[in-house]
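K.L.:
Keeping their order, the protein sequence lines are chains A and B.
Using the working numbering, the letters of the first sequence correspond one by one to residues 1 to 478.
Using the working numbering, the letters of the second sequence correspond one by one to residues 479 to 979.
Stretch by stretch, here's where chain A covers chain B in the computed footprint (C-beta under 8 Å, at least three residues):
(1) 594-605
(2) 659-669
(3) 673-683
Hints listed in this document are in silico derivations from the structure and should not be mistaken for laboratory results.
A virtual CB, placed ideally from N, CA and C, is assigned to each residue, including glycine.
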Amino acid sequence: MNFDYTLFIPEFMLGGLAALVVALDLFMPQLRKSWLPYVAATGLAITAGVSLAWVNKQTNFAGIVSIDNYTTYFRVFFMLIAAVVCLASGRLVEDQLRHPGEYFGIIILSTIGAIGMAAARELMTAYLSLELLSFSLYILVSFAKFDARSNEAGLKYLLLGAFSSAMFLYGLSLIYGVTGSTYYGDIASALSRGTHDFSFALLMALVLIIAGLGFKVAAVPFHMWTPDAYEGAPIAITAYLSTTSKAAGFALLLRLFGGAFQVVHDDWSWMIAGVAAASMILGNLVALQQHNIKRLMAYSSIGQIGYLLMGVAGLSHNTASALVLHLTGYMVTNLALFVVIIAWYNLTGKEEIVDFRGMRERAPLLAGALAGALFSLAGLPLFAGFVTKFILFQAATDQGYYWLAGIGVVTSVISLYYYLQVMREAFVSQPAEGERKLQVPYVMQGLTVALMAGVFYVGLYPANLFSVIDNATRFLFV
Amino acid sequence: MHSGYWLIASIGLPLIAAAVLLFVPDERHDIVRWLSAGVGAALFAISVFVFFAYELDRGGGFQFFIRWDWLQNTAFLRAHGISLAFGVDGIAAPMVLLTGIVCFGGALISWKIEHHNKDFFILFWVLVAGVYGTFESLDLFFFFFFYEVAVLPMYLLIAVWGSSSTFPTFTRTKEYSAMKLTIMLVSASILIFLGIFAVFQKAGAGTFDLQTLYAVQFDENFQKAVFPLFVIGCGVLAGLWPFHTWSPDGHVSAPTAVSMLHAGVLMKLGAFGIIRLGIQLLPAGATFWMPGLMVLATVNVVYGAFAATAQRDFKYMIGYSSVSHMGLVLMGLATMNTIGIDGAVLQMFSHGVMTATFFAMVGSVYDQAHTRDMTLFGGLVQKMPFFVFFFGIAGLASLGLPGLSGFVAEFNVFVGTFQTYPWAAALGIFAAAITAVYILRMMSMALFGPFNERWASLKEMTYLERGTASLLLGFILFMGLWPAPFVDRISETVRLLPGVS
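So here's chain B without its partners, still in its complex pose:
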């Protein structure tokens, strides 16, 4: 069998699942759940397979390559004009694995959704298909197509199944957050849209095939002009300061599984887009603009960390912590050296599993307590030891404890940054210290300390939640203790990136 069918399966399966779910009667929640769990498991298996079957001795290029022509030799399109071309390289392989883990976990954690769970899972699987498609597409049109597919279901997912947050002086409704997120992300894609038009037009090859476009030498001024379109366009999804404001609001309002997927995987699409469209397509533009990105990324890291310390709401804290950690990804990319970009991709994976764990944990407490104000909790360890265990490990990974995934990633990012922009690395490490402050503060406030009797009725996590958390935690440990499978794949490909020293 052609190996590319695995990639087709990873995109087709969720789409087929969404189509099949349309025909399930509204009230048969059980069918929806089991079907979705099955699809999630299958996708997880496919993703693990794709990750490990990516062969290291073939030089870091695209593998599992498959192409189906979709529209060609019509109007302005020539041979292979728009094709369903898929393939993964050493950067995409860990992202595919990450998607598999998080979507399986998300499907399990959504088991308890009662309100129209059929609709929820239809949108959920469309979202998942969009994410896989973006990571695997080797055609500019379909890259953008799937990128938008991943954004499309967000409004309804947040506005219907999400939750509003009440602050002392105002209420942030879920409709507001959903609209803000959707409009900001779609507005950002205007820039990508324009960048794609410009690149297609300039290349004059009559094709959106990325590999053909990679071979084109665009002149330097063109690259300098178009690169910001791609970086800001994708950067908004990656939480780039000052366009990050959708992210805390959106993640807080979203239902648990959507927060997991969005913070865990979707934000990575943005960073991935910067590599695929920015660095690979326009290397000279990247070299020119990267100092600017480094400045913004540093603000991201420091500002995100400080903002996180000021939060009382669990989810807002995690949201701002995501902004800070995505800043590390951008910082790594901005170094334009191999170790820095290696670190960035590692951080993408690490932050993905870590943040998904966080959101899964908060979801399990919120469903019982109906509040996320960490100052109201205390001594949860006495009632929910498993919860505290999982939450604690994810927190420690977040602050970069050796032996967990965060350390490997941040170490690489900081080494890369020190070689190029020592001041930024210094600020980044300072921010890592702030991370320790807000994580440890949260732990001492909510997880440990004297028990607050108000929560005497809280129950331990369900077995399903424990299973999900164990799955995610397994990968945090895996990457922390044995990073070689990740580093080998990533560095093989990063070495090939144009303009990287």
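Here chain A stands alone, though its shape is the one from the complex:
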């Protein structure tokens, strides 16, 4: 048993950072509001740098947490997402929050949960990490205390989330009953010896686990909370919900299904495939009807989850690499888009799609980034979405899922329709009388440019990133 606590240095640092942010808010109120996002983001970036020390090391803590390239990749990934969200929250914090320290502290703590989900190789650890992330999110969604929508969203999210956690936990207990272990490796070897009389219990367990995680990543038919939570949450938290929360769900799914359940692949792949197909179709079709940008993004993300689940259905090393590549591209694109939406909301106070009219005239940089991000989400070339979707669909096809790839391509075209509607408002519709050019804050400009550079990087030269990911996902199947 290896009890090397130094493996958790990045997590300790995050814990310290969270405490520091709260303390700064308490004891140095004169600098708190405008400085805290930068303190939080800098801390996160430094910690991300520190976690690079474990590149190409493969070790574990008592068999429950594995520190390998996969964990390192997601450590860096989640910390950078959190840093972007903190920076983008600046205005929200100044306008609406009395104690911003808590807000940033909770974001940082939730990152620890997300990292735990990627690193865990034991069921209870995975569950606790998931709960750490979920509880943080419940609070964050309802953070705008005086906004009824935010309260409603938080309550809905809490109730459904608790329900799904219970299902997930019940599934885990059944797995323990069938295999006699909570360690992924032991579960895999127990399952490979055959489940004999327990095949129904195993099936139940898989159904419950998929349902529980399905809630967390918002896959159809477990998606009902998504539009309300997205709409009600403060807009920066909507961005956080649609990135870290989803990505952590997939990090856990891959680790769990690759490490523990790959030997009984045939027992669950059809369920995931069905959920994937339903998500792609329903998410993209319902998105056609939306007129609020947050709800549109909610349904669009449900559709995107369907594409990602395609990679889980045909799980193999290749599809896992393709999935994480698409996940990365999608997250960068999504953040870019949300930064644009946040900046626009901060300046105009509006979040309906028709309120995007005249963006080209009033904020050209935002409009350009909006167009690029939407094209990327629709899967058009030059941007990340084309390459990553192409590789993901091809990987699914290689596993025999032609029909899923087919649905994926068709629904991508449907998604183009509603993305173009947003673009039409921004570029074709002219601003109303008296609506002048807007001055976008430099932070938001910088974030937009940096994230769009990321979108182009993934879209135009993904070779290095893809080989890093391919190297990371190797550790899923040990």
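For this one, chain A is given, so just place chain B on it according to the hints.
P.N.:
What follows is chain B alone, placed relative to chain A:
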């Protein structure tokens, strides 16, 4: 210097131009114009060079070949998995030349755009890069990549800078046309996407390299199953009946330069895709399905011609005439014999320059008159002799007058078709006669005849427009009077196509 850098330049230059334009201040229209004109001229020069430097005594294979590995030996990809592989053969060379001519002409004709001309040219150059990339790519992934790049800017180009058309009973808005065009073309590419997956998977070589895939013998049933995906997928862009409906609406609503590029070059991407992906990759499938394509192509030719006679709007007439002429291209391809396919490629070039001339001319009149209803005009020759001269010559090329490009192309197509499907050739020639009807009717109605005083204020074309038109017209005459440089290049390569008799 490696000759492949010319191809890299033809794709890279417009992309770099688009990137540079991003940093030009909004109000500096002059910088945008001069920069774009310069890029257009450079691309024209590169294209002319590539066309003439294509060596005839090397057997019609790929020349200017260059390969940069992009993604390989990762996941399911093996050596040369996805590479930036470029090259031109005797079919691609005239297409590259065509792109050079039309994009230079388009850049010049867009000189007068005032509304956000920076945005316009950014999208325009992205479009051009996509077109070059598709003609030159020898990698299945990048073929599709550039194909989509060429479709991507269309929505904004039409919806922002286009024009709506009003009919007696309804209005066809530019947003509608733009959305229709984009959705139809992207939907069609679903089929190409699926075809590519199937081919990659079936070949099992772990690479999208086209030359490697050409060497694979796919079994016959697979070819029969996948060939329609490529032909219908690419055919939509080529205006294949019954999937042509985006084309008249889209071309009418688009701004002049975009109509030129779209009807002149982009539709050729579809026909080119049928050769590259259909005939070259899946010859047995092609042999099996070509009679079906011949039927659809014949409908295209005849239906397009009849629909054109019914139009009062200049641009709709040209739009339907494009459907008819693209039908001739498809007809030539469907013959699967050398002379027919030669004719098809010639027709691609000929229709490209001709239709670009048409749209440039209509644009110059529409900008002044703000209507395109040909019944309202009359005797334009008295006010605009240059306009009538250029328009007239393009019209005569369109109806296949000897000495102009249309004749050479249509002659080859019809000879090829007569050898294989005489009934289709007969209908095609009948449609050519209909073409004469609507072209001559349009001329007598709008260009000649009594002068309508309402248009007394119309001015002659600007010098820039005359220059553009002369450039295009030069190539119509060049191909009509001395087709050898085209025919030599095309037939060298067509002879090598698998399954062609």
